[in-house]
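Read top to bottom, the protein sequences are chains A and B.
Just so we're aligned, residue 1 is where the first sequence starts under the numbering used here, counting upward by one.
Just so we're aligned, residue 116 is where the second sequence starts under the numbering used here, counting upward by one.
It is possible that some hints are incorrect.
Below, computed lysine-lysine pairings styled on DSBU-like, alpha-carbon distance capped at 30 Å [claimed, not checked]:
(1) B/Lys164 x A/Lys57
(2) B/Lys184 x B/Lys173
(3) A/Lys9 x A/Lys57
(4) B/Lys164 x B/Lys228
(5) A/Lys57 x B/Lys184
(6) B/Lys184 x B/Lys228
(7) B/Lys184 x B/Lys164
(8) B/Lys164 x A/Lys9
Taking CB as the label site, the calculated pair distances span [claimed, not checked]:
(9) A/Ser38 x B/Pro127: 17 to 25 Å
(10) A/Thr7 x B/Ser226: 30 to 38 Å
(11) B/Pro133 x A/Arg22: 19 to 27 Å
(12) B/Glu135 x A/Thr13: 24 to 32 Å
(13) A/Asn51 x B/Leu122: 36 to 44 Å
(14) A/Ser38 x B/Ile198: 25 to 33 Å
(15) A/Glu54 x B/Gln160: 24 to 32 Å
(16) A/Leu83 x B/Gln157: 22 to 30 Å
(17) B/Ile175 x A/Thr15: 36 to 44 Å
(18) A/Ala14 x B/Ser145: 41 to 49 Å
(19) B/Thr120 x A/Arg22: 31 to 39 Å
(20) B/Ile175 x A/Leu115: 34 to 42 Å
(21) A/Asn59 x B/Pro229: 38 to 46 Å
Don't read these hints as lab results, they were simulated from the structure.
Note that the coordinates shown come from a computational prediction; the quantities given were computed from them, not determined experimentally.
Even glycine gets a Cβ: it sits at the ideal position worked out from N, Cα and C.
Take a look at the letters that make up each chain.
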Amino acid sequence: DSGVTQTPKHLITATGQRVTLRCSPRSGDLSVYWYQQSLDQGLQFLIQYYNGEERAKGNILERFSAQQFPDLHSELNLSSLELGDSALYFCASSVGTSGYTGELFFGEGSRLTVL
Amino acid sequence: AQSVTQLDSQVPVFEEAPVELRCNYSSSVSVYLFWYVQYPNQGLQLLLKYLSGSTLVKGINGFEAEFNKSQTSFHLRKPSVHISDTAEYFCAVSGPRGGGKLIFGQGTELSVKP
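Can you build the whole structure from these sequences, using the hints too?
Written as structure tokens, this is what we have:
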């Protein structure tokens, strides 16, 4: 158990809809990262938040947005969904109060299926 | 920009045989290197990491990797694999100023056969 919790584990929705994925980081971790895993693109970095502020942005579509709340949990919002958005979305956390160790701790992912 | 290339998408091997999973990286700055493992229907778990110091790094489950700066490689090895090592393995890179995000390779599917 990595200590990172993601909900929901599975989500099936239709094209054009909007969904929200939720992530609770490990206790004490200040950074949250979102990754998308698909068969054709592999593991793609989407976005990183550190203590509520956006820290880095990767290949995140404009239809997608994220935020990190004061309690450090994070949400990834996916809107105007397309078939190609079907993927496994991972949240990871790091940078506890002991400082940077290089390691990211991953949740078990949220599998999104767009029909 | 940093990038990672995993040279083999699939590696089939018999139980108790040695295995090497190859990883090359590209970066204009110093890097941190990682190997993660993903078992079916699970998240990623850290196998080992290189931040600095000794270029031979030992990880969990008997895996080790060697950082070779001149060849920009970080190959993963295990002298004797088990059926339970069947999984997807990902090489990843980050940098001291990267903010912590990891850039992953495409993954290598290790299939251990009895």
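Okay, the hints, checked on the actual structure:
Distance hint between B/Lys164 and A/Lys57 is fulfilled; the C-alpha atoms sit about 23 Å from each other, no more than 30 Å. Simply put, B/Lys184 and B/Lys173 have alpha-carbon atoms about 17 Å apart, close enough for the 30 Å limit, and the pair holds. Restraint check: the Cα-Cα separation between A/Lys9 and A/Lys57 comes to about 24 Å, which is no more than 30 Å; the hinted pair holds. With a C-alpha separation of about 27 Å, the suggested pair B/Lys164 and B/Lys228 falls inside the 30 Å cut-off, and the hint holds.
Our distance criterion of 30 Å between C-alpha atoms is met by A/Lys57 and B/Lys184, whose separation comes to about 28 Å. With a C-alpha separation of about 33 Å, the suggested pairing of B/Lys184 with B/Lys228 is violated against the 30 Å cut-off. With a C-alpha separation of about 15 Å, the suggested pairing of B/Lys184 with B/Lys164 holds against the 30 Å cut-off. Among the hinted pairs, B/Lys164 with A/Lys9 is consistent with the structure: their alpha-carbon atoms are about 28 Å apart, no more than 30 Å.
Checking the proposed 17 to 25 Å range against A/Ser38 and B/Pro127 shows it holds: the Cβ atoms sit about 24 Å from each other. For A/Thr7 and B/Ser226, the Cβ-Cβ distance of about 32 Å falls inside the hinted range of 30 to 38 Å, so the restraint holds. Restraint check, B/Pro133 to A/Arg22: a C-beta distance of roughly 42 Å breaks the suggested window 19 to 27 Å. The given range of 24 to 32 Å is broken by B/Glu135 and A/Thr13, whose C-beta atoms sit roughly 42 Å from each other.
At roughly 38 Å, the beta-carbon separation of A/Asn51 and B/Leu122 lies within the given 36 to 44 Å, and the hint holds. Checked against the given bound of 25 to 33 Å, the beta carbons of A/Ser38 and B/Ile198, roughly 28 Å apart, stay inside it. About 27 Å separates the C-beta atoms of A/Glu54 and B/Gln160, a value consistent with the hinted range of 24 to 32 Å. Roughly 25 Å separates the CB atoms of A/Leu83 and B/Gln157, a value that falls within the hinted 22 to 30 Å.
Evaluation of the 36 to 44 Å hint for B/Ile175 and A/Thr15 yields a pass: the beta carbon distance comes to about 41 Å. Remark: the range hint 41 to 49 Å for A/Ala14 to B/Ser145 is upheld by a beta-carbon distance near 47 Å. At roughly 33 Å, the beta-carbon separation of B/Thr120 and A/Arg22 lies within the given 31 to 39 Å, and the hint holds. Separated by about 39 Å at the C-beta atoms, B/Ile175 and A/Leu115 satisfy the suggested range of 34 to 42 Å.
Here the CB-CB span from A/Asn59 to B/Pro229 is close to 40 Å, well matched to the stated 38 to 46 Å.
In summary, the structure is inconsistent with hints 6, 11 and 12 from the numbered list given earlier, while agreeing with the others.
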